[in-house]
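S.K.: Each chain is listed here by its residues.
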Amino acid sequence: MGRIGIIGVGHTKFGKRSDASLRELAFEAYSSALDDADMDSSKIDGSVVCSATHYDKQRSPAGVVAEYLGLNPQPTFNVEAACASSAVGLRTGWALVSSKLHDVMAVVGVQKMTELSSEEIQELMGRAGDVMWESPFGTTMPAYYAMYATAHMAKYGTTEEQMALVTVKNRKYGSKNPNAMFQKPITTEEVLKSRPVSAPLKLFDCCANADGAACLIIANAEKAKKLTDRPVWVAGLGLASSPMSLAGRTGPLTSFDVTKNAAKAAYQMAGVGPNDVDVAEVHDSFSITEILNYEDLGFAKPGSGTRLLEKGETELGGKIPVNIDGGLISKGHPVGATGASQLFALTRQLRGEAGSTQVDGAKLGLAQNIGGIGMYSAVTILRA
Amino acid sequence: MGFEKFGRFGYVSQTKVNPLLSYLEKGKIAATRCKKCGRKYFPPRADCLDCRHSIIEWVVLDGKSNLITFTQVFFAPPVFQPETPYLLGLAELVSGSRVFAPISPTVDKEQLKPGLELNLKVAKGSRDNLYYWLE
Ligand SMILES: [Zn+2]
Chain C
173 MGRIGIIGVG
183 HTKFGKRSDA
193 SLRELAFEAY
203 SSALDDADMD
213 SSKIDGSVVC
223 SATHYDKQRS
233 PAGVVAEYLG
243 LNPQPTFNVE
253 AACASSAVGL
263 RTGWALVSSK
273 LHDVMAVVGV
283 QKMTELSSEE
293 IQELMGRAGD
303 VMWESPFGTT
313 MPAYYAMYAT
323 AHMAKYGTTE
333 EQMALVTVKN
343 RKYGSKNPNA
353 MFQKPITTEE
363 VLKSRPVSAP
373 LKLFDCCANA
383 DGAACLIIAN
393 AEKAKKLTDR
403 PVWVAGLGLA
413 SSPMSLAGRT
423 GPLTSFDVTK
433 NAAKAAYQMA
443 GVGPNDVDVA
453 EVHDSFSITE
463 ILNYEDLGFA
473 KPGSGTRLLE
483 KGETELGGKI
493 PVNIDGGLIS
503 KGHPVGATGA
513 SQLFALTRQL
523 RGEAGSTQVD
533 GAKLGLAQNI
543 GGIGMYSAVT
553 ILRA
Chain S
154 MGFEKFGRFG
164 YVSQTKVNPL
174 LSYLEKGKIA
184 ATRCKKCGRK
194 YFPPRADCLD
204 CRHSIIEWVV
214 LDGKSNLITF
224 TQVFFAPPVF
234 QPETPYLLGL
244 AELVSGSRVF
254 APISPTVDKE
264 QLKPGLELNL
274 KVAKGSRDNL
284 YYWLE
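The listed protein sequences derive, respectively, from chains C and S.
Reading the first sequence from the start, the letters are residues 173 to 556 in this note's numbering.
Reading the second sequence from the start, the letters are residues 154 to 288 in this note's numbering.
Next comes chain S alone, as it looks inside the complex:
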């Protein structure tokens, strides 16, 4: 299985950042870092925007984050319909990167508001798929 294993339902199977999956398998979330200039990327990138260097290393990421915004999806693409309604959020990690992720159903929807502290954690799906969510 390739990168389509990433997400609740993945579309892209081939990428240079495939190693993300092995970190997720170990319960860790990882970013990439440019070996030349040190710029960090999350979601991971294989290529540095600043110096166009493509030799990268992987670094484990701190999941502490603050919610920027969110929605609750009622009307979903076909493969996601069995799980409606579900929450999606955008959060800013302490490292400064932003992450788009589902919000775990264990989070009380009534408490959600921009600024709320959440944690980005590894999540496992029922089809052997791996991702992360905010909880």
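So here's chain C without its partners, still in its complex pose:
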């Protein structure tokens, strides 16, 4: 199996982008990825467009995105895995390039959410779970994660104050990321005082809907070496699924089996373990999710994820810096773009280009991206 390299990355400003349509957001990210790779469109022989299409006004958005990026008549198609769309898009692109069907591809994650009314968004959110057996009771995205939080609190004594530390940490780093939706630090007290969304989760325990795009240009080893002198290599890919229904899952709901399975596959493929990771991006759709992710990825023992936070081990300068681009909690969560945004951040870290948030000598990065209410999880390991 030949190696696949990321040779260019691009990222738009995330947030309420009332100035731009879906196709224009995709163009911003794609164009800056081409600039980053110092190349033009002529070598791109296919595109993978990643978005959770139920949020898009445009049906089958790959069609219009490929047209607007100037990528006709090359193959294009949509990859959808809810919040994990572009991590699954990278896996798809990796397989297409590995198979030699393609040499150089653009993986474009994009989402336009804020032009939907909050009523429309809430209606969609209400059908995020099993629409036959769970949505009819008034489920929401936060409600599912809140139920994991309740279970974790009951089993391990995790507190709302400890969960708030995730938001405080991530918002601190978000203030250093010009692409982030929220660039203002926040205090534990502000998090604790924010209005309840789904107990025990409060407003500032949750990430926000956003518009945005991120793009990865990938290539086979030969092309990657020819086109750039600083490729970042895809070392491990793990992806797993879990029952969509909460009732279909086993165990005490204090961890995500889907992430443990994805992590196992990614570590195995890369030939590394959690202690080898220099810098990580994990899916902090909610504060509690980041804590569960520490444990599911093997950064902490079950029940002790909060100790990493309290000891500052996931801060810049700690044992394993996590979400030091601000995470979903600061950047906002344009569903289809989030996975590529995480890989954008890791690529810059592994090239030593992360500026004031650079992890010294970072050689191995890990990104973990959960889809929806935990029915998909993707773990991607990159190596400098």
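Hint data in this document are derived by calculation from the structure and do not stem from the laboratory.
Glycine included, every Cβ here is placed at the ideal spot set by N, Cα and C.
Honestly, I wouldn't trust all of these hints.
To be verified - Computed Cβ-Cβ distance ranges for the label pairs, DEER-style: (1) C:Asp401 x S:Gln167: 54 to 60 Å; (2) S:Pro238 x C:Ala437: 38 to 44 Å; (3) S:Glu245 x C:Ala437: 25 to 31 Å.
As the list claims (entries may be wrong) - Just so you have them, the derived chain C footprint on chain S, three or more residues with Cβ under 8 Å: (4) 174–184; (5) 210–224; (6) 227–237; (7) 244–257.
Let chain C serve as the given structure and place chain S with the ligand on it in line with the hints.
M.R.: Leaving out everything else, chain S with the ligand in the frame of chain C:
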């Protein structure tokens, strides 16, 4: 009316497990059982995972259960907003199946904790809708 009658607000109208509604009408909660291998399913399934047999029978379920986890929803989808805040729970029935269900407002929220014994009972909505909840 089809299966959209199931739940506080149902989305799916057509399914092979529609007979659940007639059990709920009689105040009973029912699971399906594979006629070939005997595996029991709740929520009901029309098709057996183990032997891919699709001839099933209905069996009435014991509602005794233990709470696994719960939440109180404040921010809800539009059709559920008039009822906020409301409680949702996940419980394990004595039969071993798990059930996702609302928790009846008669249950004292302060007493809720994983492990609490609850009963899954039939509930009726104001729009002629039928479901079950934990009480
Ligand atoms: Zn069977």
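S.K.: Hint by hint, say whether it matches the structure.
M.R.: Going through the hints against the structure:
1. C:Asp401 x S:Gln167: 54 to 60 Å: holds, 58 Å
2. S:Pro238 x C:Ala437: 38 to 44 Å: Since Pro238 (chain S) and Ala437 (chain C) have Cβ atoms about 40 Å apart, the given range 38 to 44 Å holds.
3. S:Glu245 x C:Ala437: 25 to 31 Å: Roughly 29 Å apart at Cβ, these two residues keep to the hinted range, so it holds.
4. 174–184: Since three or more residues must qualify, the claim that chain C covers the segment 174–184 of chain S is violated, with 0 doing so at under 8 Å.
5. 210–224: holds (count 4)
6. 227–237: Per the Cβ count (8), the hint holds.
7. 244–257: Answer holds; 6 residues pass the 8 Å Cβ test.
Of the numbered hints given earlier, the model fails hint 4 alone.
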